[in-house]
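Based on the sequences and whatever the hints tell you, model everything.
If you're matching positions, the sequence shown starts at 7 in the numbering used here and goes up one per residue.
No wet-lab data here; the hints were simulated from the structure.
Quantities reported herein were computed from a predicted structural model and do not represent experimental measurements.
Just so it is clear, CB atoms sit at the ideal spot from N, CA and C, and this is done for glycine as well.
Heads up, none of these hints are tricks.
Listed next, with one range per pair, are the computed distances between beta-carbon atoms:
id, residue 1, residue 2, range
1, M56, L76, 23 to 29 Å
2, E55, L76, 26 to 32 Å
3, R81, L59, 33 to 39 Å
4, S46, N92, 52 to 58 Å
5, D38, N61, 31 to 37 Å
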Amino acid sequence: MKDDKQFEKDSSATDSSANSVDEYLQTLGNEDAREQRYYSQEQPFSADEMTRLVNEERLNELLAQSDAFLQGLSRELKDFDEDLNNDLDK
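See the structure below:
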């Protein structure tokens, strides 16, 4: 009797694993299904958890750096465009 219960337990675990593998293999060729499966496994953070996890001071520093980088990049692109136009006019 004990062996039967253990067999059922092992069998259900195997079925569960086999079903998971089968489901995964079926999604391999389907990019949308694979993406949906990936995102369905995410666990969202609550506002309190995010507050504890995020270093607000460091985040603000990174945002300032990214703003400065984008402004510099924008200037470089503008200068490049002006130089290109000047070269074409010659």
